[in-house]
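Trainee: In case you want the letters, here they are:
Protein chains: 2
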Amino acid sequence: MATPDKLTEDHWIRRWLARWDMPRNLTVSAGDDCAVLPAPAADHDLVLKTDAIVQDVHFTVSAPPQRIGQKAVNRVLSDFAAMGATPLTLMVSVGLPKKLNPAFVEKCYAGMSRAAARFNVTLAGGETTRSRELWFTVSGIGKIRKGTALLRSTAAAGDFIFVTGALGGAPRTSRHLNFTPRLAEGQWLAAHHLASAMMDLSDGLGKDLPRLAAASRLGFTISAAALPVTRGRTRHAAVNDGEDFELLFTVRPEKLSALTLTWPFKTKFTPIGVMVSGKKNDTDGLTFSGFDHLRTRSTSPLAG
Amino acid sequence: MATPDKLTEDHWIRRWLARWDMPRNLTVSAGDDCAVLPAPAADHDLVLKTDAIVQDVHFTVSAPPQRIGQKAVNRVLSDFAAMGATPLTLMVSVGLPKKLNPAFVEKCYAGMSRAAARFNVTLAGGETTRSRELWFTVSGIGKIRKGTALLRSTAAAGDFIFVTGALGGAPRTSRHLNFTPRLAEGQWLAAHHLASAMMDLSDGLGKDLPRLAAASRLGFTISAAALPVTRGRTRHAAVNDGEDFELLFTVRPEKLSALTLTWPFKTKFTPIGVMVSGKKNDTDGLTFSGFDHLRTRSTSPLAG
Chain A
16 MATPDKLTED HWIRRWLARW DMPRNLTVSA GDDCAVLPAP AADHDLVLKT DAIVQDVHFT
76 VSAPPQRIGQ KAVNRVLSDF AAMGATPLTL MVSVGLPKKL NPAFVEKCYA GMSRAAARFN
136 VTLAGGETTR SRELWFTVSG IGKIRKGTAL LRSTAAAGDF IFVTGALGGA PRTSRHLNFT
196 PRLAEGQWLA AHHLASAMMD LSDGLGKDLP RLAAASRLGF TISAAALPVT RGRTRHAAVN
256 DGEDFELLFT VRPEKLSALT LTWPFKTKFT PIGVMVSGKK NDTDGLTFSG FDHLRTRSTS
316 PLAG
Chain B
16 MATPDKLTED HWIRRWLARW DMPRNLTVSA GDDCAVLPAP AADHDLVLKT DAIVQDVHFT
76 VSAPPQRIGQ KAVNRVLSDF AAMGATPLTL MVSVGLPKKL NPAFVEKCYA GMSRAAARFN
136 VTLAGGETTR SRELWFTVSG IGKIRKGTAL LRSTAAAGDF IFVTGALGGA PRTSRHLNFT
196 PRLAEGQWLA AHHLASAMMD LSDGLGKDLP RLAAASRLGF TISAAALPVT RGRTRHAAVN
256 DGEDFELLFT VRPEKLSALT LTWPFKTKFT PIGVMVSGKK NDTDGLTFSG FDHLRTRSTS
316 PLAG
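Protein sequence lines, in the order shown, are assigned to chains A and B.
By our numbering, the letter at position 136 of the first sequence is numbered 151, and the numbering carries on one by one without gaps.
By our numbering, the letter at position 207 of the second sequence is numbered 222, and the numbering carries on one by one without gaps.
Rather than coming from a laboratory, the hints here were simulated on the basis of the structure.
Where is the CB? At the ideal position from N, CA and C, for every residue including glycine.
Among the hints, a few may not be true.
What the hints assert, rightly or not - Examples of chain A residues toward chain B, derived with CB under 7 Å: (1) 94; (2) 188; (3) 244.
Unchecked claim - Examples of chain B residues lying across from chain A (beta carbon under 10 Å, computed): (4) 47; (5) 78; (6) 154; (7) 166; (8) 234.
To be verified - As a list, the in silico PhoX-like pairs of lysine-lysine whose alpha-carbon atoms are at most 25 Å apart: (9) 281(A) to 270(A); (10) 161(B) to 158(A); (11) 161(B) to 295(B); (12) 161(A) to 281(B); (13) 294(B) to 281(B); (14) 113(A) to 270(B); (15) 114(A) to 113(B); (16) 295(A) to 281(A); (17) 161(A) to 161(B); (18) 270(B) to 281(B); (19) 158(B) to 158(A); (20) 114(B) to 113(A); (21) 161(A) to 295(A).
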């Protein structure tokens with residue numbers, strides 16, 4: 016079998032492009048110096064996000080390659096969900112090690128294209144380069160109606176804290192590779208003005224909730240018993256494992272009944288606490304450590 | 016001195032952000048899940064480009080770190096120049112090896128911020144991850160007035176072929192790190208409808224001119240004697256070294272005098288040949304090899 020080293024860059028670009036539908040929303044697509052797409056309507060803002068996943072940090076090559084590609088795309092889509100935004104198109108850079116099996120890389124591509132197509136997202140461009148380890152950088156461009164983006168910094172004291180889904184256990188199972196970005200839920204919360212602040216849980220509640228609180232210049236109180244814990248996992252894991260890619264959002268007390276009565280999704284949503292004034296956090300006895308993937312590579316195989 | 020391994024991700028994000036001016040054109044900037052910026056006016060399209068530079072492929076760590084950061088940004092800005100577009104903001108992902116000196120990385124950041132600021136480009140977001148080698152992925156978002164983007168595919172038979180600047184020698188000197196993206200020239204050509212097709216020379220005329228010709232379904236004839244060659248270099252080097260980051264553009268015969276009479280820049284521009292119908296290329300005896308950085312890592316220290 017040919018190794019990437021025997022193949023040319025143009026070959027890889029062709030193989031890559033073959034994986035993607037013709038990008039309907041682009042005026043000019045991959046193959047020119049830049050991609051061109053119509054700007055969204057005047058009542059919308061642009062939303063931008065870049066993210067990278069690296070071999071042996073965010074995945075291992077023992078994982079199914081489709082799942083690796085899927086994760087690279089879905090991590091970015093999860094950030095769009097966290098704003099309530101609509102992703103439109105992606106740009107992808109790929110670092111290819113010399114000895115990597117081309118079939119493996121093509122399956123990564125297939126996983127990326129499938130994950131993007133699921134949400135009607137196109138590919139605006141790509142870059143391929145030689146590297147020592149496999150990595151993917153995905154940059155997303157999307158839109159949101161002006162004034163509806165949900166930030167981390169806009170929670171108020173007294174707001175209830177919610178999370179979608181169940182937390183914990185993702186890094187030790189396939190869930191860190193195979194999760195569903197909560198785009199529909201995030202867009203719905205933003206469009207209906209039902210959340211006061213929002214982010215996605217990539218590093219774990221134990222690290223991400225303190226970030227949301229700090230951005231809003233508030234503290235928080237959570238109830239350990241209220242946490243939605245993945246079956247078979249501990250509350251400690253629910254708080255600190257990370258890679259949940261669920262939504263963390265806050266809700267004004269007067270919006271609680273509207274949220275509860277109109278939530279149209281099968282996805283579970285659970286109140287876990289309340290934002291409080293001052294910067295003291297009450298974790299109900301749980302250790303909030305989160306993790307930092309710049310510190311933990313040597314000890315943890317996977318990190319957010 | 017502290018190594019990155021002793022520092023946290025949040026530390027690196029803070030240090031990174033300290034390098035950049037407050038992004039005036041953003042509604043929401045780094046620190047939230049995504050960045051938000053107003054969409055350009057309705058008579059504009061969005062322009063998108065992503066690019067990556069990797070240690071020992073595009074630079075070596077013996078290079079001045081400011082220059083490495085400068086190159087990471089300027090490669091992308093050169094692609095905006097190639098469309099005649101205006102870059103607005105950048106997203107940057109950085110792969111940091113464990114043993115890298117933090118002062119080195121900070122100087123890379125300084126080089127990036129300086130290069131961007133020179134063209135009033137802001138930073139919309141960044142991502143930092145552990146990796147085995149140093150790499151930077153830069154994604155740019157910009158704008159262009161609808162209908163003015165200069166593509167590779169729109170040259171016509173009989174159009175004259177021009178290049179800016181002088182070609183050759185960049186990989187063996189500091190020029191591959193320290194070049195000026197031809198943004199002003201590209202934007203001027205697009206705004207005044209004086210070019211019929213355009214791209215930037217990243218892989219060398221010997222690879223890039225055949226790409227432009229193929230995209231336009233044409234051939235080309237060049238004059239070896241007409242090539243603007245960097246002092247002390249050969250014509251073979253001018254065609255095949257790559258990393259020139261000059262503009263390659265075509266001009267309809269009836270626009271030649273307008274171009275020549277109104278070109279307002281000190282940058283030299285040189286006619287080197289003509290586009291021809293059919294797909295035969297006449298290189299006037301010069302070997303057009305270009306290069307492919309997926310094939311040449313082991314033999315060449317630097318590649319486009």
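Trainee: Given the hinted pair residue 295(A) and residue 281(A), is their Cα-Cα distance within 25 Å?
Mentor: 34 Å, violated
Trainee: Next pair to validate is residue 161(B) with residue 295(B); report whether the Cα-Cα distance is within 25 Å.
Mentor: 33 Å, violated
Trainee: If you draw a straight line from the CA of residue 161(A) to the CA of residue 161(B), is it 25 Å or shorter?
Mentor: 22 Å, holds
Trainee: Please work out if residue 281(A) and residue 270(A) have their alpha carbons no farther apart than 25 Å.
Mentor: Roughly 20 Å separates the two Cα atoms, so the pair holds.
Trainee: Between the alpha carbons of residue 161(A) and residue 281(B), is the straight-line distance 25 Å or under?
Mentor: 42 Å, violated
Trainee: Do the alpha carbons of residue 114(B) and residue 113(A) lie within 25 Å of each other, as the hint requires?
Mentor: 23 Å, holds
Trainee: Can residue 188(A) be said to touch chain B, with a Cβ gap under 7 Å?
Mentor: 22 Å, violated
Trainee: Quickly compare the C-alpha distance for residue 158(B) and residue 158(A) to 25 Å and report which way the hint goes.
Mentor: The given pair, whose Cα atoms are some 15 Å apart, holds under the 25 Å limit.
Trainee: Holds or violated: the hint that residue 154(B) contacts chain A, with Cβ atoms closer than 10 Å.
Mentor: The hint holds - residue 154(B) has a Cβ within 10 Å of chain A, the shortest such distance being about 4 Å.
Trainee: Holds or violated: the hint that residue 94(A) contacts chain B, with Cβ atoms closer than 7 Å.
Mentor: 4 Å, holds
Trainee: For the pair supplied as a hint, residue 161(B) and residue 158(A), is the alpha-carbon distance within the 25 Å limit?
Mentor: 19 Å, holds
Trainee: Tell me if residue 244(A) is really an interface residue toward chain B, meaning its C-beta lies closer than 7 Å to one of theirs.
Mentor: With a closest approach of 24 Å, the residue 244(A) hint is violated.
The structure shown violates the earlier hints numbered 2, 3, 5, 8, 11, 12, 13, 14, 16, 21.
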